[in-house]
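Each chain, written out:
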Amino acid sequence: MSTREELLEKRLQREIKARKEAESLLESKTLELYQANKELLHLNHQLEKQVDFRNNQLIQNELKYNTLIDNMDIGLIEVDKEHRILKANGSFLKLMGYTEDELLGMDARTLMPSNEFGERINSENDQRLESLSNIYENCLIHKDGRGIWVLLSGTPVYNTEGEVVGSIGIYFDITYTKDLQRKLEQARKDAEEAREAVDKCAEEVYTVIFMDLQMPEMNGYEAALAIRNQENPNCEVPIIALTASAIQADRERAFQYGMNDFLSKPITPTQLSDLLGKYWSDTVGMTQPVVEKKPSSGHLSFDLPVLREFYGDDLEYAKEMFDLSLSESEKSLPALERAVDRMDRPTIKAIAHRIKPSVRMVGFTRLSDHLQNLERASEADDGAKVTEAYGHFRKHQSTMLCLVKEFSQDIESGTITHI
Amino acid sequence: MKGLVFTEFLEMVEQQHGFVFTEKLIDEADLPSGGAYTSVGTYDHAEMVKLLTLLSEKTDLPIPALLRAYGHYLFRTFERSYPQFLENADSAFAFLKSIDEHIHVEVKKLYPDAELPAFSSKRLSPDSLELIYTSERKMGPFAQGLIEQSLVFFYEKARVSMENIQADGSVVRFTIEKTFA
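Keeping their order, the protein sequence lines are chains A and B. Quick note on numbering: the first sequence equals residues 652 to 1070 in the numbering used here. Quick note on numbering: the second sequence equals residues 9 to 189 in the numbering used here.
No wet-lab data here; the hints were simulated from the structure. Glycine included, C-beta positions come from ideal geometry on N, C-alpha and C. There's no promise every hint is true.
Claimed, not checked - List of simulated lysine-lysine pairs, DSS-like, C-alpha gap at most 27 angstroms:
{"id": "1", "chain 1": "A", "residue 1": "LYS671", "chain 2": "B", "residue 2": "LYS66"}
{"id": "2", "chain 1": "A", "residue 1": "LYS661", "chain 2": "B", "residue 2": "LYS117"}
{"id": "3", "chain 1": "B", "residue 1": "LYS186", "chain 2": "A", "residue 2": "LYS668"}
{"id": "4", "chain 1": "A", "residue 1": "LYS689", "chain 2": "B", "residue 2": "LYS130"}
{"id": "5", "chain 1": "B", "residue 1": "LYS58", "chain 2": "A", "residue 2": "LYS671"}
{"id": "6", "chain 1": "A", "residue 1": "LYS680", "chain 2": "B", "residue 2": "LYS66"}
{"id": "7", "chain 1": "B", "residue 1": "LYS32", "chain 2": "A", "residue 2": "LYS680"}
{"id": "8", "chain 1": "A", "residue 1": "LYS680", "chain 2": "B", "residue 2": "LYS10"}
{"id": "9", "chain 1": "A", "residue 1": "LYS689", "chain 2": "A", "residue 2": "LYS738"}
{"id": "10", "chain 1": "B", "residue 1": "LYS165", "chain 2": "A", "residue 2": "LYS668"}
{"id": "11", "chain 1": "A", "residue 1": "LYS661", "chain 2": "B", "residue 2": "LYS116"}
{"id": "12", "chain 1": "A", "residue 1": "LYS929", "chain 2": "A", "residue 2": "LYS982"}
{"id": "13", "chain 1": "B", "residue 1": "LYS66", "chain 2": "A", "residue 2": "LYS661"}
{"id": "14", "chain 1": "B", "residue 1": "LYS116", "chain 2": "A", "residue 2": "LYS829"}
{"id": "15", "chain 1": "A", "residue 1": "LYS715", "chain 2": "A", "residue 2": "LYS738"}
{"id": "16", "chain 1": "B", "residue 1": "LYS116", "chain 2": "A", "residue 2": "LYS680"}
{"id": "17", "chain 1": "A", "residue 1": "LYS661", "chain 2": "B", "residue 2": "LYS58"}
{"id": "18", "chain 1": "A", "residue 1": "LYS671", "chain 2": "B", "residue 2": "LYS117"}
{"id": "19", "chain 1": "A", "residue 1": "LYS668", "chain 2": "B", "residue 2": "LYS105"}
{"id": "20", "chain 1": "A", "residue 1": "LYS794", "chain 2": "A", "residue 2": "LYS916"}
{"id": "21", "chain 1": "A", "residue 1": "LYS1056", "chain 2": "A", "residue 2": "LYS1046"}
{"id": "22", "chain 1": "A", "residue 1": "LYS689", "chain 2": "B", "residue 2": "LYS58"}
{"id": "23", "chain 1": "A", "residue 1": "LYS745", "chain 2": "A", "residue 2": "LYS1036"}
Unchecked claim - Facing chain A, a subset of chain B residues (Cβ under 10 angstroms, in silico):
{"id": "24", "residue": "VAL13"}
{"id": "25", "residue": "PHE17"}
{"id": "26", "residue": "HIS25"}
{"id": "27", "residue": "PHE27"}
{"id": "28", "residue": "VAL28"}
{"id": "29", "residue": "LYS32"}
{"id": "30", "residue": "ALA37"}
{"id": "31", "residue": "ASP38"}
{"id": "32", "residue": "PRO40"}
{"id": "33", "residue": "SER47"}
{"id": "34", "residue": "VAL48"}
{"id": "35", "residue": "ASP52"}
{"id": "36", "residue": "ALA54"}
As the list claims (entries may be wrong) - Among the chain B residues that face chain A by a calculated CB cut under 8 angstroms, a handful are:
{"id": "37", "residue": "PRO70"}
{"id": "38", "residue": "PRO134"}
{"id": "39", "residue": "GLU138"}
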């Protein structure tokens, strides 16, 4: 039988043994933990290295693409959902004539003309925000006011949640191509007109043929040459070249192409009469009934000395010219307005050039000077001047039409007897 | 078998029968480990069987009754030592369901060598739960004690019935039905 003391001694020994066992267990667990920790640290280090490597790769790639985007020949901008410009590459800045500071934060829509194109951009942008890519032609306004034709391709930009946050637009300058296209179209029309003239010459005999040389390329010259060279009843008929140019070289060229004479616009009745007399004696001394005078000093806009020089006492001729001017103006002025609206320079230039004589021959010298300025400004790509010159012209346009109409009616009714 | 089961068992014996009784029990059991248990160690299950058999002889109580009482006792130890496993449950059923799905998973991470019983659960109705106990240790009554004490912990009243699926007691079905007396 054990005593209580012996039992206590046993308990103590057992507890000591248990403690030692627990300690060794804990030690091996600690070692395990230490090893596991070391492995984790190693793993962590490897991961950090990998992340660094990937980050560097990303930075390198971004640098590479940024350089690429900046140096490519195509304009590129990034806009947010409110159309604010976030990014623009070098080519875009060059294309539009702005500095980066001026462009960043600007509403991209202000770069577009405020007309149907502007509305188109909005709808295209909305479409892009609905995640569709698209390509279309569009007009932009350069900082100096001139219009630029671009081929525009837009793509939506997404955030990490896959939501559309804006768009990237790529702009390819096609102004040159567009110009070329328009010139080709004009050349085709001119060629058709010239061909029509040549065809008519094959059907009908004319006394005198007036050939307008103010057609681009060589159609006036070629038409003359065709009339001379092809078998037709007008082979020997006098051809008189009409042009706005008074250059000797043009004159000589006209003769080389088989034309007989040369008239520089604007043409006075005297010049015409002289010339007709030279080729058709019956016209010389043709007289017109003279109408009684009516004071027209109230019409402040008419340049009377010019009208007198042009028409003298020939009111019938004047009326004819006034009616012609009126129909030309009514036809061309709406087209001019549309062209100015969309800054279509070549069309502005062509229309201004065409109606300039019509305005001048009804005695509005100042207005015709504005058209001359408009023509020059559109040729020089100067948007601000185009707007200014057109503004001056536009202000008096309707007054002019009224006056011309009134003048023509007055001649018809006999109210005006002389100029 | 985890050392904690041994140390807590001897603790309970000593609380109920005193120091001399416990020392004699250990001495007479003639255990290979000498009874020098530490809660973090792992020991042969046969030692527990020996201790239980001897205690049964000395107290004249059947082994299942001893195991069930030990279940009650050990659950209270769990309450003190591992409250985090009880905090996440808001009812006894939720806790019992979480043994297999969550608690034993975590214990396994801490002690990869632990051999734990399986406790698959099935909700029979809003007020009754079926638990299938599967263990080669065949300690169904011990599980019963733990289940009963968990009901006490959550202030819930329920009848726990136990039925052997395998005759040897290695697979046992518990049906826990809430009572509202």
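Results of checking the hints against the structure:
{"no.": "1", "hint": "LYS671/A <-> LYS66/B", "result": "violated (31 angstroms)"}
{"no.": "2", "hint": "LYS661/A <-> LYS117/B", "result": "violated (35 angstroms)"}
{"no.": "3", "hint": "LYS186/B <-> LYS668/A", "result": "violated (46 angstroms)"}
{"no.": "4", "hint": "LYS689/A <-> LYS130/B", "result": "violated (43 angstroms)"}
{"no.": "5", "hint": "LYS58/B <-> LYS671/A", "result": "holds (24 angstroms)"}
{"no.": "6", "hint": "LYS680/A <-> LYS66/B", "result": "violated (39 angstroms)"}
{"no.": "7", "hint": "LYS32/B <-> LYS680/A", "result": "violated (33 angstroms)"}
{"no.": "8", "hint": "LYS680/A <-> LYS10/B", "result": "holds (16 angstroms)"}
{"no.": "9", "hint": "LYS689/A <-> LYS738/A", "result": "violated (47 angstroms)"}
{"no.": "10", "hint": "LYS165/B <-> LYS668/A", "result": "violated (44 angstroms)"}
{"no.": "11", "hint": "LYS661/A <-> LYS116/B", "result": "violated (34 angstroms)"}
{"no.": "12", "hint": "LYS929/A <-> LYS982/A", "result": "violated (35 angstroms)"}
{"no.": "13", "hint": "LYS66/B <-> LYS661/A", "result": "holds (21 angstroms)"}
{"no.": "14", "hint": "LYS116/B <-> LYS829/A", "result": "violated (78 angstroms)"}
{"no.": "15", "hint": "LYS715/A <-> LYS738/A", "result": "holds (16 angstroms)"}
{"no.": "16", "hint": "LYS116/B <-> LYS680/A", "result": "holds (15 angstroms)"}
{"no.": "17", "hint": "LYS661/A <-> LYS58/B", "result": "holds (19 angstroms)"}
{"no.": "18", "hint": "LYS671/A <-> LYS117/B", "result": "holds (24 angstroms)"}
{"no.": "19", "hint": "LYS668/A <-> LYS105/B", "result": "violated (38 angstroms)"}
{"no.": "20", "hint": "LYS794/A <-> LYS916/A", "result": "violated (37 angstroms)"}
{"no.": "21", "hint": "LYS1056/A <-> LYS1046/A", "result": "holds (18 angstroms)"}
{"no.": "22", "hint": "LYS689/A <-> LYS58/B", "result": "violated (43 angstroms)"}
{"no.": "23", "hint": "LYS745/A <-> LYS1036/A", "result": "holds (22 angstroms)"}
{"no.": "24", "hint": "VAL13", "result": "violated (14 angstroms)"}
{"no.": "25", "hint": "PHE17", "result": "violated (14 angstroms)"}
{"no.": "26", "hint": "HIS25", "result": "violated (13 angstroms)"}
{"no.": "27", "hint": "PHE27", "result": "holds (7 angstroms)"}
{"no.": "28", "hint": "VAL28", "result": "holds (6 angstroms)"}
{"no.": "29", "hint": "LYS32", "result": "holds (8 angstroms)"}
{"no.": "30", "hint": "ALA37", "result": "violated (12 angstroms)"}
{"no.": "31", "hint": "ASP38", "result": "violated (13 angstroms)"}
{"no.": "32", "hint": "PRO40", "result": "violated (13 angstroms)"}
{"no.": "33", "hint": "SER47", "result": "holds (8 angstroms)"}
{"no.": "34", "hint": "VAL48", "result": "holds (5 angstroms)"}
{"no.": "35", "hint": "ASP52", "result": "violated (14 angstroms)"}
{"no.": "36", "hint": "ALA54", "result": "violated (18 angstroms)"}
{"no.": "37", "hint": "PRO70", "result": "violated (28 angstroms)"}
{"no.": "38", "hint": "PRO134", "result": "violated (41 angstroms)"}
{"no.": "39", "hint": "GLU138", "result": "violated (38 angstroms)"}
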